[in-house]
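Undergrad: Chains as they are written, first to last, in this note's numbering: chain A, 17 to 207; chain B, 17 to 207.
Read the hints as simulated data drawn from the structure, not as lab findings.
Careful: at least some of the hints might be erroneous.
Just so you know, same-sequence chains aren't split out, so a pair can sit in one copy or run between any two.
List of simulated lysine-lysine pairs, DSS-like, C-alpha gap at most 27 Å [stated by the list, open to error]:
id	residue 1	residue 2
1	K21	K95
2	K95	K49
3	K95	K173
4	K90	K143
5	K143	K173
6	K21	K90
These figures come from a predicted structure and were not determined experimentally.
Number of protein chains: 2
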Amino acid sequence: MLHLKSESGSRWLDQVEQHTDLVLIDHAHCEKKAAGTALNLMFAYVEDEELCREMTSIVNEELEHFHMVLDLLKQREIKFRRLKPSNYGSQLHDLIRSQEPSRAVDRLLIAGLIEARSCERFGLLRKHLPDEELRDFYDSLFESEARHHAVYVRLAKHFADESEVMSRLDELAAAEADIIASGDENPRMHS
Amino acid sequence: MLHLKSESGSRWLDQVEQHTDLVLIDHAHCEKKAAGTALNLMFAYVEDEELCREMTSIVNEELEHFHMVLDLLKQREIKFRRLKPSNYGSQLHDLIRSQEPSRAVDRLLIAGLIEARSCERFGLLRKHLPDEELRDFYDSLFESEARHHAVYVRLAKHFADESEVMSRLDELAAAEADIIASGDENPRMHS
């Protein structure tokens with residue numbers, strides 16, 4: 017369902033356990049960036065009505081989640097602050113083809129893969145975190161990431177036929193798995 | 017209350033009456049751009065909690081208005097499409113000082129002046145348009161523009177003291193009035 021080519025291993029869970037505060041701060045930034053991505057896609061393909069409506073819902077939901085994470089940080093007295101992002105997003109971004117309509121397909125599929133990876137990792141967090149409140153928190157966010165993934169893959173089919181979209185998704189998912197496998201020394205949601 | 021230095025005259029109302037469809041399409045783009053502006057301000061000043069909350073509300077409201085205008089276009093069988101924007105936004109943008117915190121003050125005040133001008137013009141539309149449905153539509157949007165204006169001016173005071181903000185608002189409002197007076201041959205919401 018999530019089209020991922022790998023599972024996150026214990027290396028990442030160890031990073032999270034040792035630096036939970038940093039991962040929570042990074043999570044807030046990820047929600048904010050996800051809202052920005054959806055709004056940029058709406059700007060780029062504003063004549064696609066279904067895309068506009070879906071992006072609007074996603075912007076609203078991501079901003080709602082952003083505030084949920086901010087509230088959680090506040091409650092735990094963790095100061096929200098700027099953080100060097102993991103290299104995950106920029107490496108994925110480099111894979112986007114420059115010519116339309118391929119560019120649209122890639123932007124949507126990459127947005128969808130980021131949602132899929134978040135979903136997979138929220139699934140691990142809701143199982144393995146020692147802190148019950150955090151387990152419940154990630155459980156509450158799990159479903160929307162899966163839903164967003166499906167929306168992005170569906171919208172990619174506005175710009176290319178189904179077989180082309182699915183084969184490109186396969187390629188990008190393989191690249192995404194390589195990026196995840198190489199990791200990031202900074203503890204982040206996608207390190 | 018709106019801090020504007022001029023009133024829109026009959027030149028603009030004539031443009032609207034002769035090219036209502038174009039102004040409606042431009043209005044949809046303006047709502048979308050206003051959402052983008054608010055999100056960008058949130059990204060730039062993400063450590064300011066009140067600003068983040070206010071920008072989130074504004075993003076949500078502007079996107080809601082965007083869809084209201086899209087619905088109106090659809091109902092009137094006017095095709096939503098890309099449009100060369102008026103030169104209003106880019107001319108205002110050129111006035112933003114580059115050094116922080118002056119940059120933050122200017123970005124917020126200019127966003128506030130754009131809301132103020134929209135409010136003033138929605139006020140004219142709700143009075144003078146021959147089409148009753150459109151008059152009601154602009155009446156329904158009037159109040160939120162005034163509210164957004166007040167939010168932006170208030171937030172600017174997070175980055176400079178009150179007297180500095182108010183004197184800069186005075187300067188920028190004078191420049192805005194000049195831009196409006198010079199007009200734009202393309203019929204737009206801010207021509």
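Undergrad: Taking the hints in turn, state whether each one holds.
TA: How the hints compare with the structure:
In the homo-oligomer, the alpha carbons of K21 and K95 never lie at most 27 Å apart, since the shortest distance is 35 Å inside one protomer and 41 Å across protomers. Within a single copy, K95 and K49 get their C-alpha atoms as close as 19 Å, which meets the 27 Å cut-off; across copies the closest is 31 Å, which misses it. In this assembly of identical chains, K95 and K173 lie within 27 Å of each other by CA distance solely across copies; the values are 22 Å between and 41 Å within a copy. In this assembly of identical chains, the alpha carbons of K90 and K143 lie at most 27 Å apart only when taken from the same copy (24 Å versus 47 Å across copies).
In the homo-oligomer, the alpha carbons of K143 and K173 never lie at most 27 Å apart, since the shortest distance is 34 Å inside one protomer and 45 Å across protomers. For a Cα distance limit of 27 Å, the shortest separation of K21 from K90 qualifies neither inside one copy, at 36 Å, nor across copies, at 42 Å.
Figure legend: structure checked against the earlier numbered hints; hints not met, in rising order: 1, 5, 6.
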